[in-house]
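The lines below spell out each chain.
2 protein chains.
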Amino acid sequence: MKNELKIFSPATVANVSCGFDVLGFCLDTIGDEMIIRKTTEKGIHITKIVGYDLPFEADKNVAGVSALALYNDAKPNCGFEIEIYKKIKPGSGIGSSSASAAGSVFAINELLGRPYNKTQLINFAMKGEALASGSEHADNIAPAIFGGFTLVRGVSPLEVLQLPTPDDLYVTIIHPQIEVKTSEARAILPKEVELKKAITQWANVGSLVHALHTNDYDLISRSLKDVIVEPYRSKLIPFFNDVKLATNTHALGTGISGSGPSIFALSEGIGKAKKVEQAIRNVYSKTDIAFETYVSKINVQGMKILS
Amino acid sequence: MKNELKIFSPATVANVSCGFDVLGFCLDTIGDEMIIRKTTEKGIHITKIVGYDLPFEADKNVAGVSALALYNDAKPNCGFEIEIYKKIKPGSGIGSSSASAAGSVFAINELLGRPYNKTQLINFAMKGEALASGSEHADNIAPAIFGGFTLVRGVSPLEVLQLPTPDDLYVTIIHPQIEVKTSEARAILPKEVELKKAITQWANVGSLVHALHTNDYDLISRSLKDVIVEPYRSKLIPFFNDVKLATNTHALGTGISGSGPSIFALSEGIGKAKKVEQAIRNVYSKTDIAFETYVSKINVQGMKILS
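Quick mapping for you: the protein sequence lines, in order, are chains A and B. Using my numbering, you'd call the opening residue of the first sequence number 1 and step up by one each time. Using my numbering, you'd call the opening residue of the second sequence number 1 and step up by one each time.
No lab work stands behind these hints, which were simulated from the structure alone.
Subject to a maximum C-alpha distance of 35 Å in a straight line, what follows is the list of computed DSBU-like cross-link-like pairs (lysine-lysine):
1) A:127 to B:225
2) A:297 to A:235
3) B:127 to B:2
4) B:2 to B:297
5) A:89 to A:272
6) B:191 to A:197
7) B:60 to B:297
8) B:297 to A:196
9) A:197 to B:118
10) A:191 to B:196
11) B:225 to A:225
12) A:304 to B:196
13) A:89 to A:197
14) B:191 to B:127
15) B:118 to A:244
16) A:196 to B:196
17) B:181 to B:127
18) B:235 to A:196
19) B:181 to A:197
20) B:75 to B:48
21) B:197 to B:235
22) B:2 to B:89
23) B:304 to A:196
24) A:196 to B:60
25) A:197 to B:297
26) B:197 to A:127
27) A:235 to B:191
Pulled out of the complex, with its shape left as it was, chain A reads as follows (with noise of 0.2 Å):
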């Protein structure tokens, strides 16, 4: 058994439009690295932070707590050292603190010999998450840990549904460089929701995985619509109206990634994406805002090992 990994980590998308708290998908072009050691001394110990200026205590460091979730469930006769080189930003809302928490936990569950199914590993991943963001939720990390489209039916008791996803489809990032606090993103959102949006979004969440399901691009175009929160959300991410109209032509549907400020467009294709991704780049090089945009096919492999 290997006593060393290094492990890609992937940025994921949280919500996909309508299905807001229990849709995601994975990327394969941009997430961290990690690398994980087995060590004799005991316990779990952060040696390296590159890219990021994070904390290295284990228990006030995200991938630190879901590693000792699991550590301390798993009681194994060693210890783990972690380096992580983030390389997808904090705050960028494509799951930055998702890969850390999950990328962690996969690789030390690797090492251990796979004591834990994959559901096991997001319930640990999640208690890093929660460091993140306050509350347990498992969008980013289902999708990170399971690779493709995910469905998290409920996370007390968590189950998540792993979709199919079609073979030609691509997502366009923009990543807007200002800050969306979460926890804003959280107190914009309303309380209640009228029945009748209601209704629709959950049309839409149904339809959604029938075309995943299907191959029907076209119906994941039709069903790629969130009338309860981008609603709220999208006052939060300039010129979102203007990336939504510009990426119209070419991308089956555009949303709010997770809680933003990152921009998610879905296409058939690369060629299309890489036009989407033209698109996004003339209406924001118009802007004073920095950005950054990535293309990327949908990872249905999730977690990969380096080496």
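Put chain B on the given structure of chain A with help from the hints.
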């Protein structure tokens, strides 16, 4: 081409617990029969109604109104006589008006050589349904026309998705002989619902659609929850909670059929469906309410031509 058709127009269950206003499925052992006959005399004429006291004037009869909607669009060189053998009691909550509305347009379309597709037929049938319920909705008509499980993604424009139906899925129905007015069942619902509950509901809609695609009976069972509508409407149905409790052992899930008063329970296999029927009969036999029960395989064909 035939000049006369005898058809079976099936009863249906709308809502299906989590899928309020969007999901429905089709029954096999209960439905109306209708005879539709081409006539040289133009227009739509209802010539016979057996079973229940319903208006003979085409523009005041549900089957007549939907037939007229199709007729006025098709402008054929003939007319049609309609005989209605009404088996589904109006107001039972298993799609009595939908069976009438859908049956006439289905048969006339057949006699005209199928100028319209199923979605177009549903559009015509919705005009008849509107006469009965005051608003155009398709959650009973769609499964009557398509068969199996259907999801109405939207009514304007109308979009109906045909969902797969697991092979061994049966439904048990109890129809307590009491009146629940659709208008009252509508009025009892709140205009707004908690966002948290709406999320639970759309997680279950997504899960149920996934479960139908994957033949996962356990997941069907876990998804058959209604946290939005059932808490209100179940109060209108005597002994609803007793029925739910009694069917717990063998049914995958139990809920209100449409706006009630009928209750449906889905089961894996006819054996369990019959045990569920017995359990329900045991509950209702102790009350002074008259009732009927039915057991049916899910009818994936929908309308049937009998001769």
